[in-house]
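Peer 1: Following the hints, position chain B against chain A.
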Amino acid sequence: MTFVADLSGTDRGGPHRVATDGFASAPDFDSLIGNAADVFNELVGPTNFCFWLIDNCVPGQAHPNIAGAFDPQGPLAAEMTAGSGSAPITLSTAEVPFGAATGAIPLTAFGSCLGTILLTETIQEDQRETIAHVAQVLAFACHAHLASKDLAQLSQRQSIRADELQVAETIQKSLLPTDIPAFAGWSMAAHYEPARVIGGDLYDFIPLPNELLGIVLGDASDKGTPAALMMATTRALLRASAQRLIMPARVLAQVNDDLASQIPPGMFVTCFFGLLDTATGRFRYANAGHCAPVINGPDGVNLLTARGWPLGMLPGKSYDEGEIVLLPGQALVLYSDGLTESMDSTGTLFGTERILETVSATTNGVGALANLVERRLQFAGNATHEDDDITIVTLFRDPLPSDTEDMTLTLRQIDDFLVPSSGDNERAAADRVIASISDLDLTQTQRDRLHTAVAEAVMNASEHGNHFRPDLSVQVVTTETADELIVQILDAGKSGSISQPHQPNLEAKLAGEQSPRGWGLFLISKMVDRFEVKELPAGNCVELGMRLGSRSAASQQREHEVNHG
Amino acid sequence: MAEGSITTNVRTIDAKTSVIEIGGSVTRASDGALTAAYNEANGDRTKVIVLNFGGLEYMNSSGIGLLVTLLVRANRRNQQILACGLTNHYRDILSLTRLDEAIHIHSDEEAALAAAATL
Chain A
1 MTFVADLSGT DRGGPHRVAT DGFASAPDFD SLIGNAADVF NELVGPTNFC FWLIDNCVPG
61 QAHPNIAGAF DPQGPLAAEM TAGSGSAPIT LSTAEVPFGA ATGAIPLTAF GSCLGTILLT
121 ETIQEDQRET IAHVAQVLAF ACHAHLASKD LAQLSQRQSI RADELQVAET IQKSLLPTDI
181 PAFAGWSMAA HYEPARVIGG DLYDFIPLPN ELLGIVLGDA SDKGTPAALM MATTRALLRA
241 SAQRLIMPAR VLAQVNDDLA SQIPPGMFVT CFFGLLDTAT GRFRYANAGH CAPVINGPDG
301 VNLLTARGWP LGMLPGKSYD EGEIVLLPGQ ALVLYSDGLT ESMDSTGTLF GTERILETVS
361 ATTNGVGALA NLVERRLQFA GNATHEDDDI TIVTLFRDPL PSDTEDMTLT LRQIDDFLVP
421 SSGDNERAAA DRVIASISDL DLTQTQRDRL HTAVAEAVMN ASEHGNHFRP DLSVQVVTTE
481 TADELIVQIL DAGKSGSISQ PHQPNLEAKL AGEQSPRGWG LFLISKMVDR FEVKELPAGN
541 CVELGMRLGS RSAASQQREH EVNHG
Chain B
566 MAEGSITTNV RTIDAKTSVI EIGGSVTRAS DGALTAAYNE ANGDRTKVIV LNFGGLEYMN
626 SSGIGLLVTL LVRANRRNQQ ILACGLTNHY RDILSLTRLD EAIHIHSDEE AALAAAATL
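Quick note, the sequences are listed as chains A and B, same order. Sequential numbering from 1 applies to the first sequence in the numbering used here. Sequential numbering from 566 applies to the second sequence in the numbering used here.
Hints are computed from structural coordinates only; laboratory data are not their basis. In this text, a Cβ means the ideal position worked out from N, Cα and C, and glycines have one as well. Fair warning: there could be bad hints in the mix.
To be verified - Covered by chain A, per the in silico footprint, the following chain B stretches (three or more residues, Cβ under 8 Å): (1) 591-598; (2) 627-634; (3) 662-674.
Unchecked claim - Derived DEER-like restraints, expressed as beta-carbon distance ranges: (4) A:His467 <-> B:Asp665: 32 to 38 Å; (5) B:Gly620 <-> A:Ala428: 17 to 23 Å; (6) B:Gly608 <-> A:Asp471: 30 to 36 Å.
To be verified - Some chain A residues near chain B, calculated using beta-carbon distances under 10 Å: (7) Asp424; (8) Glu426; (9) Gln444; (10) Thr445; (11) Asp448; (12) Arg449; (13) Met459; (14) Gln503; (15) Lys509; (16) Gly512; (17) Arg517; (18) Gly518; (19) Lys526.
If we strip away everything but chain A, and leave its shape as in the complex, we get (with noise of 0.2 Å):
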C-alpha cells in the first residue's frame, strides 16, 4: 500500500519543532502525513514535493506530477538503505525515471527503506540538514505507524485463524463417535485428548451387518483445518468402503486409491482398520502406517503389527491383513502417535514401553485405557500437550463367567485358535484340540473319536464354508463345562449352508452311481456325544460335544462292539 501526499503550503521557518511535535502527537497514519504535508509545505514551498511511502515494499502510484514508479528493489530504495541515513540525494533522469523529480529524500529506519520524499525543485545548501533530519524523525513516525498497523493486521489474522481453528474443532468432533457400541461380552472405550492446534486424529466405530464392526483409528499429516477436512473425508471414503468391502485390506487400499487422487501434495493419512466379529472374538485388520495396536494376550503383551503404507501416498498399494481371536479377558489398545510421542518437562517421550507395560499391568480392557490416560498425565506432569491429539481405543472381551468370581458356574475356555483355510492342516488343528485337553477325563477311545470329528469339521469348513480361500480362516474353540467338553469349528461360509448329516448309501457308492466321497458330517455326528450345527450372522458353527466324567452309553456300546465283536 502506498501514501502519497500532495503538499502545499506557503510558509518557511521553524521547520524542526514543528516537525517534532506534529509527527509525535500523530494519532493516525493520515494524520501524520497531513502533519508532514505541513512541514515540508513550509520547508520547500507547495507543489514541489510528495512522500511516497512504501508499506511492505509493495510497489506504489506515480503522484500526477511524478513520472514512473518507485522501485522498493531496484537501485534508489538499494541507495537509500545503503546509506542508511535521510540525506537528500540528487536525481538524474538518466539514472532515475521519475520525470520532474530532481531529488530525494530517504526514508528509512531501522535499516529498512519506507519510502522517500521525492522533490522537483533543488533543495537549498542551507535547507539539506534541516530537511534530512525532519525525514529522519518522520522516518521513524512512520515506521511506528506501520508497525503499530502491522500489528493490528496481525491481531486480525490471528482472530481470523482462531475462527478457522474453532471451525476445525467443530468438524472434528463432528466426526467422532458420540456413543461407544454395545455388544454382549464386550467392553469398548475410548479417550480423545485433543491438542490445541487440531492434530488431525479420527477414531471411529462402523457397524456393519452380522454383527461385525468396524474400528477405525486415523491420523492426518497436518494440523488444523486441513486435517480435519482430511479426517472427514478419510471418515466418509472408510465407511463407504467398509459397507461394501468388508475385508480390511481391501478397505484400506480402495480408500488409498480414493485419498490418493484428492489428498493435498505432500499430506497422508495413516489408519488402522479392524474388523470385529462381536460373536466370535475374531479380530481382522490391516494397517496404513499407524501404530501397531497391543494386545494383552495369553503370551504377554505384543505389538499387532500388519504393513501397508499410509493412505494417500501411493495409488495401487496392498496391505498387508492379520488374524487374531480376541479371547475372554483379553484386551485390544489402538491408540495414536499423541500418546507415544507425549514428552515430559524434560523432552522425554512416553514411547511405546511404557504402553506396553501399562497394558500389560492391565486386567481389563477399561482399566487399560484408565490406567494410561493417568500414566501419561503423571509422566507429562505439567507438561503441555499441544502439538497432536491423544486418541486412545480399547476393545476388551469380558471374561467367561468362571473366569469371574463367581465359582458356582464351572465353564472354562481351554482353547481358542485359528486354521488356513487350506486342504491339509486339519489334522494339525485335531492335534492341537487333543493335546490341549491331556488333562481331561476321557478315555483314549473318546480321543481318538473327538481327533476325527474335529478334523472332519475343519476340513469341511476350510472346503465348503471358507472353499480354501487364503484370506478366511476356520475359528476352533475349545471349552470346558461341568460335565461336557465342547469343541466349536467356525467358518465363514454362508449361514444355513451345512446340512444335517445322513447316513451315506454305500450300495450307491460301491456301484458307481454316487460319489466315494461325502462322509464327513456323517462320521463326525457319529464320532461325538452331541453334535449341533449353529448358524452364525457370519458363517457357520459346528459343536461337538462329548460328555466328561462318565462316558456315553453310546461311546461304551461302541467301544464294546469293536473290542469284542
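Peer 2: Below, chain B alone, put in the same frame as chain A:
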C-alpha cells in the same frame, strides 16, 4: 516320511493274492499313491488284495472315499479286498461306515492271508 503323506509297499503273496502295506496318512493327497499301489498289486489272476494298515497313522473321510474307489475297482474285477492291522479307532470307523461289510477285516496279516487262502 513327511506328515500328511502315505507310504505304500506292495507284496505279491501268490498268483491270486497281494498285500499292500499302507502307512502314514490316507487323505485326498493319497489318491495317486494308492492307485499306483493297487495297480502294482493287481496281477492278471489276482483275486484277493490285503490292505495291511499296520503303519496307518491317520485317515480322514477323503481317505475313506479312496477306499470306496478301490472297492469299486476291485468289484469290477471280481476281486476281494481284505484289511488287517487296523486300530480299534479305524475298525470303529469302517464299522460305522459299513465298509466292513465290503472289506473283511482281520486282526493281522496272518489271519487275513489265511482267510484269503479260503477264497
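Peer 1: Confirm or reject each hint.
Peer 2: Hint check:
Coverage of the segment 591-598 of chain B by chain A holds [criterion: at least 3 residues with CB-CB distance below 8 Å; count 3]. Coverage of the segment 627-634 of chain B by chain A holds. Counting CB-CB distances below 8 Å, 6 residues qualify, and the rule asks for three or more. With 5 residues bearing a CB less than 8 Å from a CB of chain A, the segment 662-674 of chain B meets the requirement of three and the coverage assertion stands. Between A:His467 and B:Asp665 the CB atoms are about 34 Å apart, so this pair conforms to the stated range of 32 to 38 Å.
Checked against the given bound of 17 to 23 Å, the beta carbons of B:Gly620 and A:Ala428, roughly 20 Å apart, stay inside it. One distance hint, 30 to 36 Å for the beta-carbon pair B:Gly608 and A:Asp471, is violated here, with the actual separation near 49 Å. For A:Asp424, the shortest C-beta to C-beta distance to chain B is roughly 6 Å, which falls under 10 Å, so the interface hint holds. Evaluation of the A:Glu426 hint against chain B yields a held restraint, the C-beta minimum of about 7 Å falling below 10 Å.
The criterion of a C-beta within 10 Å of any C-beta in chain B is met by A:Gln444, whose closest approach is roughly 9 Å, and the hint holds. For the restraint placing A:Thr445 at the interface with chain B, the shortest Cβ-Cβ distance is roughly 7 Å, inside the 10 Å limit, so the hint holds. Taken as an interface hint, A:Asp448 checks out: its beta carbon lies about 4 Å from the nearest beta carbon of chain B, inside 10 Å. Taking 10 Å as the C-beta cut-off, the interface hint given for A:Arg449 holds, the closest approach to chain B being about 7 Å.
Hint status for A:Met459 relative to chain B: holds, with the closest Cβ pair at about 6 Å, below 10 Å. Annotation: A:Gln503 was flagged as interfacial toward chain B, and the flag holds, the nearest CB pair being 8 Å apart, inside 10 Å. For A:Lys509, the shortest C-beta to C-beta distance to chain B is roughly 5 Å, which falls under 10 Å, so the interface hint holds. Below 10 Å, beta-carbon pairs count as interface contacts, and A:Gly512 has one with chain B at about 6 Å; its hint therefore holds.
With a least beta-carbon distance of about 4 Å to chain B, the hint placing A:Arg517 at the interface is held under the 10 Å criterion. Nearest Cβ of chain B to the Cβ of A:Gly518: about 8 Å, under the 10 Å cut. The hint holds. Interface hint status for A:Lys526: upheld, as the beta-carbon distance to the closest one in chain B is roughly 5 Å, under 10 Å.
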